[in-house]
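Engineer: Listed in order, the protein sequences are those of chains A and B. Counting in the numbering used here, the first sequence runs from 1 upward without gaps. Counting in the numbering used here, the second sequence runs from 413 upward without gaps.
Hints listed in this document are in silico derivations from the structure and should not be mistaken for laboratory results. Values in this document were obtained by computation on a predicted structure and should not be read as measured data. Positions of the beta carbon are idealized from the N, C-alpha and C atoms, including for glycine. Hints should not be assumed to be uniformly reliable.
[Unchecked claim] Residues from chain A shown here face chain B by an in silico Cβ test under 10 Å; the list is partial:
| no. | residue |
| --- | --- |
| 1 | ALA59 |
| 2 | HIS348 |
| 3 | THR356 |
| 4 | GLN369 |
| 5 | PRO370 |
| 6 | LEU408 |
| 7 | TYR410 |
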Amino acid sequence: MKGFNVEEIRKDFPTLMQKVNGKPLVYLDNAATTHKPISVLNAMQDYYEKFNANPNRGAHFLGVSATELYENARERVRQFINAKSAREIIFTRNATESLNLIAYSYGMKFIDEGNEIVVLISEHHSNIVPWQKIAHMKKAILKYIYLNHEYRLDMEEVQTKITDRTKIVSLAQMSNVLGTIFPVKEIAEYAHSKGAIAIVDGAQSVPHMKVDVQDLNTDFLVFSGHKMLGPMGIGVLYGKKELLEKMPPFLMGGDMIEYVEEQTTTFAELPRKFEAGTPNVEGAVGLKAAIDYIEEIGFENINEQEMELTAYALERLREMPHVKIYGPIDLKDRGGVISFSLEGCHPHDVSTIVDTCGVALRAGHHCAQPLMKYLKAPATSRISFYFYNTKEEVDIFIDSLKRVRKWLGYES
Amino acid sequence: MNLNELYTELILEHSQSGHNRKHLDHANCSERGHNPSCGDDITLELICDEEGTIKDASFTGSGCAISQASTSIMIDLIKGKSKEEAEKLADIFISMIKKEITDDEELEVLEDAIVFKNISNMPPRVKCAVLSWHTLKEALKNKEKS
């Protein structure tokens, strides 16, 4: 891998260098959130030390600088996902807020009784619950596309569920539970052929692979900064300009207006129409620094490292008795997220026991209860990689996992 | 954290033993309790006689070793007790976990359930331990109303 040295990279991440429970931290919960490199932390501190002003208002030096930094971050995001215009980039708190914005603004205006909203059974609650709400309010129908036995999509099932009555198709590009990468480009194309719009939840994909909104031809893309080295509290909504322009504002207040009379208001142009209140400049600055870091490492290197770890972890897990993996075994169109169960052991016990070895993993339903029901699994354990993880960490994780059944009173 | 303090023999025995895990055919009180965030999900069933004595109790469901053991140990404790006594025990147990009662003598009435005392040092596991006791309190409260 060109210029990729994982040990050198890890030195950029102060949190990764610490010990927990007396052991070196083995952080395998990157699908929940990632750690932050020094450059991101410095960028945010720098912003508060040198600028700190409310952007978009006031003609003083600091105010102008803060506006510039905020808009530079927007432009950086535009380049990163190859949007046509920076006006198509709306800053939100996170992917969840972005999806809520689309649901309440686009959904409330354009969904009518009897229309269909289609999602995958593997969606995160953030891509289910807002649509349930819209469906209830508008007497529309929320439909699920189910997965095949390899945890992947059959286009036949997609074509059965998306019909002429479908108005919205919303799906995650990569499942946060299964690691499956779904063919969003094909699905968006099919949705368009039926007159529906396509929404891509990129919370799990954007941090790990090149996502080009023009190539995917998706109508909307949402993602969170904190899952890609950035700070918590900054997220992105990309939307095609012609759609965003037709949509009513989601939150009302300062910054998103043009003229306010006693009883009426005209709204600002994009993107400010959707950014009411003082924006998160610190977060935008941190996100920009995160994108700079990611692009310096390069998606080719990121993918190579993550796939090597995923292949190795799958191989080691499959050697273990009592382990069941939920997700594709085939590495094609698969990311570095592995869910599994250990026979006779509840994931919460697994998590507590491996934690004593310094291993951080996720236990539970991963905010995807409908999927867990569909898989007939009450809960699973999950490991998820980022490029800063190592093979040695996989070994430590496997060794810690081997201890679990003994602690819970099993012979082997 | 010391795993020996958490996964004691008593807890493992109860989490794996099925002696309280069954349906009661003639239950006259039943209550579901769950921790949605981790997947613990139990249903507690009771048979209370007219004097208000808990004649029999059982549970079904699934969850982690801590939640399952805590449920089973609680059932052993409340069988044969009056509803008021059972409610009092649940309050004492919850106070122990909250560290409101720390005196071992005062906790003696909890018998085997005192084994969960150290859970209060493990915030993520507290809700596993208290699930069944909260469920019991709900069950008794709803029984009162009916």
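Engineer: Determine for every hint whether it applies to the structure shown.
Structural biologist: For each hint, the structure was consulted:
1. Against a cut-off of 10 Å between C-beta atoms, the interface hint on ALA59/A is violated, since the closest Cβ of chain B lies about 49 Å away.
2. The beta carbon of HIS348/A comes within 4 Å of a beta carbon in chain B, closer than 10 Å, and the hint placing it at the interface holds.
3. Among the interface hints, the one on THR356/A holds; its C-beta lies about 6 Å from the nearest C-beta in chain B, closer than the 10 Å criterion.
4. At a threshold of 10 Å, the smallest CB-CB gap from GLN369/A to chain B is about 8 Å, leaving the interface hint in force.
5. Interface restraint check: PRO370/A against chain B, minimum CB-CB distance 13 Å, threshold 10 Å, status violated.
6. With a cut of 10 Å, the hint placing LEU408/A at the interface with chain B holds, because the nearest CB-to-CB distance is about 6 Å.
7. Hint on TYR410/A holds. Least Cβ distance to chain B is approximately 9 Å, under the 10 Å limit.
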